[in-house]
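Line by line, the protein sequences give chains G and Y.
43 is the number of the first residue of the first sequence in the working numbering; add one for each residue after it.
26 is the number of the first residue of the second sequence in the working numbering; add one for each residue after it.
Simulated from the structure, these hints should not be mistaken for laboratory data.
Yeah, the Cβ is synthetic: ideal placement off N, Cα and C, and Gly gets one too.
Hints are supplied without guarantee of correctness; some may be wrong.
To give an idea of the chain Y side of the interface with chain G (calculated C-beta under 8 Å), a few residues [unchecked claim]:
| id | residue |
| --- | --- |
| 1 | F194 |
| 2 | V197 |
| 3 | S424 |
| 4 | E473 |
| 5 | S510 |
| 6 | P511 |
| 7 | R524 |
Each chain, written out:
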Amino acid sequence: MSYRPYILCLFIALLGANAHAQAPVKPQLEEDYYEIKTIAIPTDVRLEVGGLAPMPDGRIGVCTRRGEVWIIENPNQTDGTQAHFSLFASGLHEALGLAYRDGSFYCCQRGELTKLTDTDADGQADLYESVASWDLSGNYHEYSYGPVFDKNGDIYLTFNVAWVGYGEGKLAKWRGWLVKVTKDGGLEPIAAGLRSPAGFNINANGDILYGENQGDWVGSGRVTHLEKGDFAGHAGSLYWTKEPESPLRAMTKAELPDDGEPMYEAARKVPALKLPAVWFPHALMGISTADMVEDDTDGKFGPFQGQYFVLDQGQSRVMRMTLEKINGKYQGACYPFREGFQSGTLRGRWGLDGSLFIGMTSRGWGSTGADSYGLQRLVWNGQMPFEMKNVRAMPDGFEIEFTEPVSRKSAEDFASYALQSFTYEYHHQYGSPIINMEDTPLRAVIVSEDRMKVRLVVGNLRKGYIHQVQANGVTNDAGQPLLHDMSYYTLNDIPVGALVNVPSPVIKPAPAKTPKANKKAKSKTDTAANTAVNPVQVAALLKKYACVGCHAEAKRVVGPPYLEIAKRNYPNAKILDLIYHPQPANWPEYATEMAPMSHVPKEDVLKIAAWINALDDKPKTDLQKLDNRD
Amino acid sequence: MYKFLFLLFLPVAVFAQNKFPLEDLNAFKNPGPNWSIQSAVLGNVTATNLTPTPGKGILLCQLKGPKYQPTDDLYFNLEHGNLKLSVDFLIPQGANSGIYLQGRYEVQIADSWRVKNPTDGDCGAIYYRWDETRGAGKEGYEGHPPLQNACRAPGLWNHLEIDFRAPAFDAVGKKTANARFNKVTLNGITLHENVELLGVTRGAVSMVEVAKGPLRIQGDHGEIAFKNLQIETGERPLITFSPVTYQYYEGKGYATKDTASKFVRSGTLPRATMKAADAKNNIFLLFNGEMEVPQTDTYTFQAYFGGTSLLMVDGDTLVKGWYWVDNPQVRLKKLTAGKHQYTIHYGKDFPWGYKSLGIFIQQPGGLKQNITERSSLPDPPPIPLVEVEPTNKTVVQRSFMLLGTKKLTHVASVGMTSGLNFAYNLKQGSLVKIWRGQFLSATQMWHERGEPQTAEALGVSVPMNNKFPLALLADKNGAFPDSLSPQELKYKGYQLEKRAIGGETQQYPDFMYEYQGLRIRDISTPANQSEGILRQLSWQGDLQAGKQVYALLAEGATIQDIGANRFLVDGQYYVLTFPTAGNKPFIRESKGVQQLVMAVTGQEVSYQLIF
């Protein structure tokens, strides 16, 4: 069980409640609705999960980065019974994907899609058939993912580019591509521009959605709908557009705008460049996008049928994603959903009971979850969380649908919302700072009759921008705030339709940028903050800016612990500079590079810096306790 | 970065100073009649004798009289203390010999071929000690079995390297340091590393340990041949170092030019060390020192810097620039006997990494000596072995694998419970290497992540030609292609086939291909009594008209027909063939190498690799 970030939420919520002198309400916790069940792994099995394949009889196949395929019987461990592990196959090469079909497993190795069959019914594969084989240069970063079957039984795979100080696709054919396996074992290239496509999915409409990892040419994590001939943005794959089978015309890196303008602008110049359907803002919503699943559980997993759950390996979390089609193209929003998994959440697959198996590994990649590997299940316990069920684009703003009726008073209060928009740079450099952040002034709030929906009429809607839609002051009838009040909507296009007639001038003043809850925490401690380091306030800032996703006080997570940073004795101003312009070379032993965090206000960075520098001189504060995962 | 650091302390190659050409027996004290000089010897896997060819270059021992005569052993004129030795040896079946360092500490040489769990009497062991007062059956003690058996088959050449440190004594003769085997490797496999001996081993020339003793080879049991004998005694007079003066600055930049640097202090130290700096970063150190070199020679300097670097000797700049510690700089400089001045500058004005400064000097044939303080160069972090073991069943493990400098990307290594292993290139249907002993290190793949991601054979390996062994040729002179494209040779997978061999039923991968319209199967299993690997290739389908399937069984610089259907390839392994009445394998030349070729009659061909 993890209480990781919620103790802090509790703290802030209590402050807020006290300020209003109301009776305290019980805050919601993620675990009150979605329970994490840990599958007990035998001590001599290193289940570094690369792929999951639930079987129709209730067992589940698991392939590992060490090349084994395990079949786990009784994985739900019903009534406290034990799960049984048996080794089905072994010796595969960095197996990062598994599917079960017609009595065989299909496993994606680095250089081969392999069909594994037990022909003599002894429970172990004895036939390892090569379904398709492809070239590799031998670079470690040439990971291969899949297989994903479509309705016709056709198989799709995705291929990482190599890493040679930058992402390079030309070292082996079709690196950086989505490919389809032809009947004779050949590869048909479908779409280019992939960097590290660890998770992809074919949805109920038969459309292919893939998750991308932040890196060069990728300002932040994202999910993109891939159609034949699309170019998803990473230049490394373009080398192979010269091939006759390429569905893209021959293109080179030189044709790509590389001056850091937003991808939306770049796409105006490069018609093949496909915009992501949903951006997952770096650190705020994950740092390394992994698998995704579509909720087809018919309500067994809660109120989110037809939506998507997207995993983040580095932050050991599951996020939620909603999509809608505007003018024929997918776009939508992402939301926090569940944190606190034991290791790096790479794979997710539905179990027969509508629970979600989460397969994990962190070796060499790092993750918030401290274990090296693991397998857990996420189970909805039937209780209804108070959540933003869906955020949709409107011609003049957004509509938020809730899972419960909202209190009209809270929902009509303009101060219950925090709205702004921003985007990322498109360029060959690794990652991007948040750029062009602007307020989205609220002009009107319309609560539906049944109080299940709120329509926000706003100004400054910007096409191509990520719009933060936060409902931090909205409560239900019991006075509870939302379990998660944050969403990020990627507004590639604005639907046409009837506008709400908003009287002019604006009825009420637009809210300030700072979210309400933090403002309250701040007001309580402001005076102290001016003179001394306030660990409670800094804890709130670290949470607010998602620093805790990668850093803990004393322990190595994805990035270095604050105590290690403190030992470097940087002046506060230097820390400010490094947070705005990270120097990954300073920390060569950490695999994941930090993204520039230049959207964090200077005064907040300096508070954090002062706190870091004070760490060296005194006994540890209990920040680690706030950030505990026990 | 850690992976590079792992290689950090490899010794500089200044070995091989004292070669023994083995043109006569003059290097030895009163050699007995068993010892002779020859130009070549030929063994066979089952033969208990070696067949010599007259000439020069090989030292041969043959028993001319009864066994166990003390005068049979060969003593070098050389009396040695510290010693590095490198030699190739070849033994017939059942042989027993050994090399006694200082005549007292024996590295055993014996026919231990196919021994799975070697003892302290097997080949490569540091032989046990012997004390009859310990009681019957307990006389032998403190022996050191090799870490694994690395002995090749009888009649094949083995390569042995020994790095021995002699015991040390004080002025009154009291022992102050034990004899130690710094390292013993056989055929590239580490058998012992930093093992101290508390006394002499059984059969020592004397029970008394001394600073210097004669090198000795046992010659009283039977036949053994040696070649490529090289010795380095490390017995050069030591270089001496005077205390150094130092200046310590803090700040960015180069202290001698950059006025922003702040002088902190100066002083004198026994040796230069990065620990003279208080701060972790933004430091600059200048050292000036003097060393006295006893002999005029060309000396090797090896310099590890973690940052801004300068090394000057007698005003001559040897190293200058910015270097990280995983990239040691090696320079040669001639020094005359006498005193020499050196200057070291070390700066670190960046926050990452650790301070490190290590400068070494070595005279050819001498010890590597530290100019800097030992603790000035931190140890690289140790990396654990991640091993794949076929404990009770055949293991197949796919990986990248290096073939020379080329990275093969579709390799399946097969480890069998008999201790026989091979690496197989799925893209070429070819053997990459075969080996005995421990199976596979997956450390590079499974410890953390990153380059080079290769798996490595852990036992004694023999390289193979990495070529698909079958071809459809018009006649017996047709050429085998060097490699095949995936279109020409289509890999289809493998099936695990059950085979009962030597009373043990195991599964073995049967690799499947499509080639020229034929369906090929290729299975390798342990050969009879684990002598080697039996490879069986078969095909189904319709042959193109006018074509004949030929098999390329071996390639090498020299292939010798040694009778009984056996062929010796480069002295490294044997091929056992299975000819039929009208179809015998033949040796031919192709592009400067020799090839062992056989026509395939019927739809199957088998051959056995013995090693």
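Hint check:
1. Hint on F194/Y is violated. Least Cβ distance to chain G is approximately 46 Å, over the 8 Å limit.
2. At about 51 Å, the closest approach between the beta carbon of V197/Y and any beta carbon in chain G exceeds 8 Å, and the interface hint on this residue is violated.
3. The restraint placing S424/Y at the interface with chain G holds, with a minimum CB-CB distance near 6 Å, inside the 8 Å limit.
4. For E473/Y, the suggested interface contact is upheld, since its CB lies about 4 Å from the closest CB of chain G, less than 8 Å.
5. Violation of the interface hint for S510/Y is found here, the shortest Cβ-Cβ separation to chain G being roughly 11 Å, above the 8 Å cut-off.
6. Taking 8 Å as the C-beta cut-off, the interface hint given for P511/Y holds, the closest approach to chain G being about 7 Å.
7. Taking 8 Å as the C-beta cut-off, the interface hint given for R524/Y is violated, the closest approach to chain G being about 13 Å.
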